[in-house]
Amino acid sequence: MAGDILFDALRTALGPTAASYALLAIGLNIHFGFTGLLNFGQAGFMLVGAYGVAITVSTFGGPLWLGVIVGLLGAVVLALILGVPTLRLRADYLAITTIAAAEILRLLVRSTAAEPITGGVFGLRQFGGDFFALNPLPDGRTYFGALAASPNRAWVMIVGWSLVGLMTLLVWALMRSPWGRVIRSIREDEDAARSLGKNVFSFKMQSLVLGGAIGALGGALFALSLQTVQPDTFLPQVTFYAFAILILGGTASTAGPIVGATIFWFLIGSLQSGLRRFSDAGMLPDFFGAQAVGAVTLTFVGVLIMALMIFRPQGILGDKKELQLDVS
Amino acid sequence: MTRVSRLGLLVLLLFAALGSLGTAALAQDTEQIGGRLVADGDGVPGVDIAVATIDGELVGVGTSDDNGEWSVELPEAGTYLVTIDVATLPAGVELRDPERQELELRVSEGSSATALFALGEREEVGSILLQRLAQSTFNGVKFGLIIAMTAIGLSLIFGTTGLINFAHGDLVTLGAFLAYTFNVIVGLHLIPSALIAIVLTAAFSGGIDAGLWRPLRRRGTGLIAMLVISIGLAFVIRHVILFFFGGSRRPYNDYPLQLATQVGPVRVQPVELWVMGLSVLILVGVALMLTRTRLGKGMRAVADNRDLAESSGIDVQRVILSVWIMGGGLTAVGGIFLGMIESVDYLMGFRLLLLMFAGVILGGLGTAYGAMLGSLIVGLVSEVSTVFFSSQLKYVWALGVLIIILLVRPQGLLGQKERIG
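Chains as they are written, first to last, in my numbering: chain A, 1 to 328; chain B, 1 to 421.
For the record, the hints were derived by calculation from the structure and aren't laboratory data.
Certain hints may be false.
Cβ pair distances, simulated, as ranges [said to hold, decoys possible]:
#1 B:ARG292 x A:LYS198: 47 to 55 Å
#2 A:GLY129 x B:ASN67: 34 to 42 Å
#3 A:MET283 x B:SER108: 22 to 30 Å
#4 A:THR297 x B:PRO90: 40 to 48 Å
#5 B:ASP307 x A:LYS198: 28 to 36 Å
#6 B:ASP66 x A:LEU134: 37 to 45 Å
#7 B:GLY211 x A:LEU108: 37 to 45 Å
From the three backbone atoms N, C-alpha and C, an ideal C-beta is built for every residue, glycine too.
Generate coordinates for the entire structure from the input sequences, incorporating the hints supplied.
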């Protein structure tokens with residue numbers, strides 16, 4: 001049984017969901033890790049990316065590439081709308097506004113009025129045709145050895161982790177550039193950056209847009225891997241999963257989100273698989289249904305966030321000197 | 001009872017009778033939800049009806065047949081949300097009450113439940129608009145008072161410590177479920193259960209200040225780190241409750257929803273009047289406490305300027321602990337009241353948290369009176385919006401107010417300008 005649980009956990013850790021969350025966490029790292037912006041609405045950016053693809057392809061019959069562009073543009077617009085009222089205020093105002101905006105988006109997409117376009121509570125499906133038509137892997141066999149991925153799953157994994165790699169390279173290059181130095185100086189001391197003549201508001205806005213767009217890319221990947229979007233996938237807890245990943249891997253460390261996402265989903269995967277298998281084997285009390293497994297998983301995420309922030313705020317790869325964040 | 005409501009009762013009975021016919025035909029040992037859609041005596045075919053769990057996970061979609069009958073098989077007993085897809089209704093047929101597009105049904109082991117959607121022409125005329133305005137204003141004040149009680153603690157905690165406590169909503173849930181435990185599981189009457197729950201929640205709230213936040217403050221942990229920790233704490237409280245109580249909505253044993261009486265244009269249930277009256281009394285009590293007593297003055301002084309308060313001899317740590325205890329007790333009161341007029345479920349506090357944020361920022365972060373005023377406005381906005389727009393979007397309007405106030409007056413209605421950076 002231990003072997004089965006291990007393979008389940010590895011499948012989760014390297015699967016498309018982990019890659020999507022790595023992208024969300026890379027976006028959050030630009031916001032929170034490097035710029036000090038407290039974005040609690042990454043689920044909203046993810047929703048925009050996912051629905052950008054789904055609506056363009058499924059509702060309007062457009063091509064996939066257009067859908068991805070629509071999703072990215074949507075994220076840019078969302079970042080501008082959120083940034084204008086809040087980026088001049090304290091960090092915690094941005095936190096509240098972004099979590100509220102993400103919920104507003106979810107409720108709007110879910111409403112009956114939006115149903116002709118978004119499918120309402122039913123969501124949208126069948127928009128991945130173009131994506132899977134590009135799959136060069138031959139049918140009828142499984143990939144990645146013991147991970148036993150179907151050709152479609154293997155294709156999403158290859159594309160997903162390549163995107164994660166590309167975005168990590170982009171962040172690495174950006175943070176070595178003058179732009180990255182300004183961003184980090186804003187995090188350390190906004191007034192100092194301003195006194196050197198930097199337009200702090202504009203730099204913060206650029207960071208919000210860039211991180212949001214990477215989050216939207218994660219959303220598009222997530223939608224393509226599941227082949228369906230439903231509004232209630234984008235609950236606020238999605239954002240806090242991404243935060244747990246970021247903190248676990250190491251806030252303000254370039255490779256942190258990759259390390260964080262794989263380890264986080266390895267832990268979640270082994271926890272869920274273990275509980276389910278023990279439950280099936282009758283080794284757990286009767287009331288341990290699917291809901292209890294979910295509840296235990298989410299409690300674990302909460303404990304993980306608290307324990308990391310209290311005992312090891314720099315995570316696995318982070319540098320404690322980079323973390324002198326405060327509201328100011 | 002007026003003529004209209006008597007007619008409504010008749011229609012309801014008729015549908016119940018139809019529904020029970022349907023149930024008899026469907027009786028079997030798996031759980032399912034079904035019903036028959038009727039307009040002007042004929043079945044309505046081709047209408048989609050979605051059944052989802054209380055967490056929003058879709059279970060299945062049923063389509064009504066030529067007879068108007070539909071059903072959806074369920075995986076297990078529990079509470080489900082049944083939504084009729086109004087876009088699939090034929091022309092000329094509408095929901096009689098557009099509010100009742102989404103129904104909540106409890107299905108017990110091995111039985112079927114019937115979802116009733118009253119179809120026909122929409123009943124709406126000019127005078128009903130005024131009546132609905134009055135009714136929604138009443139609901140808004142009721143809801144706003146509850147938000148206000150829970151939001152005072154959030155605002156004062158921010159004022160005294162600078163922490164935005166994301167676990168505040170889950171203290172509301174905790175209070176409501178503690179009262180549920182003593183009321184339904186232990187079997188006490190709701191009033192002693194509520195008192196025990198309030199004391200326990202206040203103690204828990206004080207306990208996390210003494211055991212968690214004070215050591216972190218002493219260690220010099222940054223505010224953003226503490227904010228993220230409060231999110232972790234919120235996750236833990238919320239999902240431990242989910243683990244023990246499950247995801248369905250539950251009512252208290254006492255004061256069930258009673259028959260409403262007509263007061264002027266508004267339909268009122270006695271329990272609602274009690275909830276509102278007690279809320280006003282408690283809010284006035286808190287306001288008097290803040291202005292008249294030594295501790296209350298200390299709270300306002302620390303919230304206003306912590307260093308100045310400390311240097312004038314106020315024991316800041318003791319004041320902060322009192323704020324946590326008082327805030328915790330008030331959240332429990334709010335949670336129990338909300339449970340009495342609606343029901344309790346593990347997400348109730350989180351839904352309320354976003355409205356509390358809106359209320360607190362609208363009124364002015366860190367002020368107690370601002371929190372009261374802002375929360376009342378948020379409650380009113382969300383309820384009155386349902387007169388003009390879909391009730392599915394009522395929180396959208398309340399949260400929209402939050403974004404507008406940040407654009408126009410970020411310090412809030414009663415806040416001071418220097419509070420924001």
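Numbers of unmet hints, in rising order: none
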